[in-house]
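Use the sequences and the hints to build the structure in full.
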Amino acid sequence: MGSRLSKFLYTAIVMFVLWLLLTSTFNSQEVIAGAIISVLVAAFTHERFTRKGLANLHPKRVVCMVLYFFYFFWQMVKANIDVAWRVIHPKMPINPGIVHVKTTMKSDFGKLMVANSITLTPGTLTLEVLGDDMLIHWIDVKATDVETASKMIPGVFEKCLKEFLE
Amino acid sequence: MNWIIVITLIGLGTVLTILRMAMGPTPADRAVAVDSMTTITTALLVLLGLFMKRYIYLDISLVYAALAFIATLAIARYLEGGV
Amino acid sequence: MLAIIGWIMIYIGAIFLFLGALGIFRFPDVYNRLQAGTKCTTLGAFSTIVGVGLVNPPWLPKTLLIAFFILLTNPISSHALGRASYKSGVKLWEGSVVDKCKDFEECHKKEEEE
Amino acid sequence: MAPFVLYLSLALAILMIVGAIVVVVTKDLLVAVIASAVVDLVLAILFYILQAPDVAITQAAIGAGLTTAIFVVVLRKTERFEDD
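Residue numbers (our numbering), protein chains in the order written: chain A, 1 to 166; chain B, 1001 to 1083; chain C, 2001 to 2114; chain D, 3001 to 3084.
Among the clues, some could well be false.
In silico DSBU-like links for lysine-lysine, alpha-carbon gap of 35 angstroms or less [said to hold, decoys possible]:
#	chain 1	residue 1	chain 2	residue 2
1	A	Lys52	A	Lys78
2	A	Lys106	A	Lys78
3	C	Lys2091	A	Lys142
4	D	Lys3077	D	Lys3027
5	B	Lys1053	A	Lys78
6	A	Lys91	A	Lys60
7	A	Lys111	A	Lys142
8	A	Lys60	A	Lys106
9	A	Lys106	C	Lys2091
10	A	Lys91	A	Lys142
11	A	Lys102	C	Lys2091
12	A	Lys106	A	Lys91
13	A	Lys60	A	Lys102
14	A	Lys78	A	Lys60
15	A	Lys102	A	Lys91
16	A	Lys142	A	Lys106
17	D	Lys3077	C	Lys2091
18	A	Lys106	A	Lys52
19	C	Lys2091	A	Lys60
20	C	Lys2091	D	Lys3027
21	A	Lys52	A	Lys91
22	C	Lys2091	A	Lys52
23	C	Lys2091	A	Lys91
Have a look at the derived ranges for each label pair, beta carbon to beta carbon [claimed, not checked]:
#	chain 1	residue 1	chain 2	residue 2	range
24	C	Lys2091	A	Ile36	53 to 63 angstroms
25	D	Gln3051	C	Met2001	44 to 54 angstroms
26	B	Lys1053	A	Asn95	41 to 51 angstroms
27	A	Ile36	B	Pro1025	24 to 34 angstroms
28	B	Met1023	A	Val62	46 to 56 angstroms
29	D	Gln3051	C	Ile2005	28 to 38 angstroms
Far from chain C, by Cβ distances over 12 angstroms, these chain A residues were calculated [as the list claims (entries may be wrong)]:
#	residue
30	Ser3
31	Gln29
32	Ile32
33	Ala35
34	Leu40
35	His46
36	Lys52
37	Phe69
These are computed hints drawn from the structure, not numbers from a lab.
Glycine is no exception: its CB is placed at the ideal position from the N, C-alpha and C atoms.
Structure (structure tokens):
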């Protein structure tokens, strides 16, 4: 867990970038006001906002995050084409069911990322997360037992996410 | 011409979700329809902002994208049994 | 050049938004509707909004922010709706293959009322 | 371009009427809350097309998010189904 200073700096940087995106101008008065306000906000909220501090901005982690985002986006496009094909097919070739998989992520944030990624990718939707167990609605069930399903649904994401989260 | 095709497609999407909202058998169906309609509406607002060329219109979509899911969360909490 | 790419993205987004709405209209039960509604409308809205930003480049930062908000909030609300509809007792479609949720106590337990 | 915007506003007004009819007809008050959220949503788009961005921003924030949440809390404290 990072020190107080690194937490404070990380919160201030995130708030300042958010301010710049929201105002989307480089007028000097706006930038100075944004700097003052983001330092004030960070002074009050840095304990709750982050747990690792500046370690989140390590270059390796940032590169991993961007790569993960592109991979995830490609998966999302495939998922959409799949669902769209099922929608416009006159017979609606769906084969739905709820399967049970196990995740190996430990932290809460990791579980959140895995669940969100599962929701947005091929034909799966997270219904419930109970500790290590996840219940997933699958639009085209290919395997019903726990091991095979765990390998097929969250396996790929977990491999990528473990690189930069744990 | 571009405008007419694009906005007609999105408008037809809105009509379909409202029909599902009007005839869905359970309250959950209606909530799903409203949730999707919120997203479709956000896209429509951004597109109309480009149509009218006014930068301030983007702020409305921003407020919409950030706040409209609170309604969905409240309905979901009610269906679960707590608030 | 950028404007042409932007228009293509807007067209793709509009088609996906329409297909998502059609999926909500056609699919047989809540969970399948949720699948179509979440995935197609998320990608459709993302593509449309970023396309608007590419057609008019000074707007790009704010459109990216809106798209990021949509990408963040949409899976959360769909997850909440799916769990709530299972707990409130909505049945699966009769053609469904398997329902592992039956084995778990927590899937059925409602929260205590005051 | 003007007739196009006119047709769009007409279509939205018809959708709003559909939502309002659902609000009045149904006996399940949760459904009425959901349908009133739709009416608010379409009303915000209409304000937007009529070039009143400040009113539309308020309608979006209050009507879509806050009103629905307050109605749901009220529904939890009272009855869900309306009796004849």
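Do the hints match the structure? See the list:
About 34 angstroms separates the Cα atoms of Lys52 (chain A) and Lys78 (chain A), which keeps this hinted pair within 35 angstroms; it holds. Between Lys106 (chain A) and Lys78 (chain A) the alpha-carbon distance is near 28 angstroms, which keeps this suggested pair within the 35 angstroms criterion. As the CA atoms of Lys2091 (chain C) and Lys142 (chain A) are separated by approximately 21 angstroms, the hinted pair is consistent with the 35 angstroms bound. Note on Lys3077 (chain D) and Lys3027 (chain D): the hinted pairing holds, with a Cα-Cα distance of about 17 angstroms set against a maximum of 35 angstroms.
With a C-alpha separation of about 33 angstroms, the suggested pair Lys1053 (chain B) and Lys78 (chain A) falls inside the 35 angstroms cut-off, and the hint holds. Our distance criterion of 35 angstroms between C-alpha atoms is broken by Lys91 (chain A) and Lys60 (chain A), whose separation comes to about 47 angstroms. For the given pair, Lys111 (chain A) sits about 23 angstroms from Lys142 (chain A) by alpha-carbon distance, which is consistent with the 35 angstroms threshold. With a C-alpha separation of about 21 angstroms, the suggested pairing of Lys60 (chain A) with Lys106 (chain A) holds against the 35 angstroms cut-off.
With a C-alpha separation of about 32 angstroms, the suggested pair Lys106 (chain A) and Lys2091 (chain C) falls inside the 35 angstroms cut-off, and the hint holds. Our distance criterion of 35 angstroms between C-alpha atoms is met by Lys91 (chain A) and Lys142 (chain A), whose separation comes to about 19 angstroms. With a C-alpha separation of about 24 angstroms, the suggested pair Lys102 (chain A) and Lys2091 (chain C) falls inside the 35 angstroms cut-off, and the hint holds. Distance hint between Lys106 (chain A) and Lys91 (chain A) is unfulfilled; the C-alpha atoms sit about 42 angstroms from each other, more than 35 angstroms.
The suggested pairing of Lys60 (chain A) with Lys102 (chain A) holds, with an alpha-carbon distance near 28 angstroms, which does not exceed 35 angstroms. Our distance criterion of 35 angstroms between C-alpha atoms is met by Lys78 (chain A) and Lys60 (chain A), whose separation comes to about 27 angstroms. The hinted pair formed by Lys102 (chain A) and Lys91 (chain A) meets the criterion: a straight-line CA distance of about 33 angstroms does not exceed 35 angstroms. Using a Cα cut-off of 35 angstroms, the hinted pair Lys142 (chain A) and Lys106 (chain A) holds, with the two alpha carbons roughly 27 angstroms apart.
Restraint check: the Cα-Cα separation between Lys3077 (chain D) and Lys2091 (chain C) comes to about 27 angstroms, which is no more than 35 angstroms; the hinted pair holds. For the suggested pair Lys106 (chain A) and Lys52 (chain A), the alpha carbons sit about 16 angstroms apart, so the restraint of at most 35 angstroms is met. Between Lys2091 (chain C) and Lys60 (chain A) the CA atoms are separated by roughly 46 angstroms; this puts the pair beyond 35 angstroms, and the hint is violated. Distance hint between Lys2091 (chain C) and Lys3027 (chain D) is fulfilled; the C-alpha atoms sit about 22 angstroms from each other, no more than 35 angstroms.
For the proposed pair Lys52 (chain A) and Lys91 (chain A), the alpha carbon gap of about 51 angstroms is over 35 angstroms, so the pair is violated. Only pairs whose Cα atoms come within 35 angstroms are accepted, and Lys2091 (chain C) paired with Lys52 (chain A) is rejected, the gap being roughly 43 angstroms. Taken as a hint, the Lys2091 (chain C) and Lys91 (chain A) pair is honoured in the structure, with Cα atoms around 22 angstroms apart against an allowance of 35 angstroms. The beta-carbon spacing between Lys2091 (chain C) and Ile36 (chain A), approximately 56 angstroms, falls within the hinted interval of 53 to 63 angstroms.
Distance hint check: the CB atoms of Gln3051 (chain D) and Met2001 (chain C) are about 32 angstroms apart, inconsistent with the given range 44 to 54 angstroms. Lys1053 (chain B) and Asn95 (chain A) have their C-beta atoms about 47 angstroms apart, which keeps the hinted 41 to 51 angstroms range intact. For the pair Ile36 (chain A) and Pro1025 (chain B), the beta carbons lie near 55 angstroms from each other, so the given range of 24 to 34 angstroms is not met. For Met1023 (chain B) paired with Val62 (chain A), a C-beta distance near 48 angstroms keeps the hint of 46 to 56 angstroms intact.
The hinted window of 28 to 38 angstroms between Gln3051 (chain D) and Ile2005 (chain C) holds, with their beta carbons roughly 30 angstroms apart. A cut-off of 12 angstroms between C-beta atoms confirms that Ser3 (chain A) is not in contact with chain C; the least separation is 28 angstroms. The beta carbon of Gln29 (chain A) sits about 18 angstroms from the closest Cβ of chain C, which is more than 12 angstroms, so the claim that it is off the interface holds. With a least beta-carbon separation of about 19 angstroms from chain C, Ile32 (chain A) lies farther than 12 angstroms from that chain, consistent with its non-interface assignment.
Distance to chain C confirms Ala35 (chain A) as a non-interface residue, since its nearest Cβ pair spans about 18 angstroms, more than 12 angstroms. Even its closest Cβ contact with chain C, about 22 angstroms, leaves Leu40 (chain A) beyond 12 angstroms, as expected for a residue assigned away from the interface. Against the 12 angstroms criterion, His46 (chain A) stays outside the reach of chain C, whose nearest CB is about 21 angstroms from its own CB. In this structure Lys52 (chain A) is separated from chain C by more than 12 angstroms, as the shortest Cβ-Cβ distance comes to about 20 angstroms.
Annotated as non-interface, Phe69 (chain A) brings its C-beta within 12 angstroms of a C-beta of chain C; the closest such distance is 10 angstroms.
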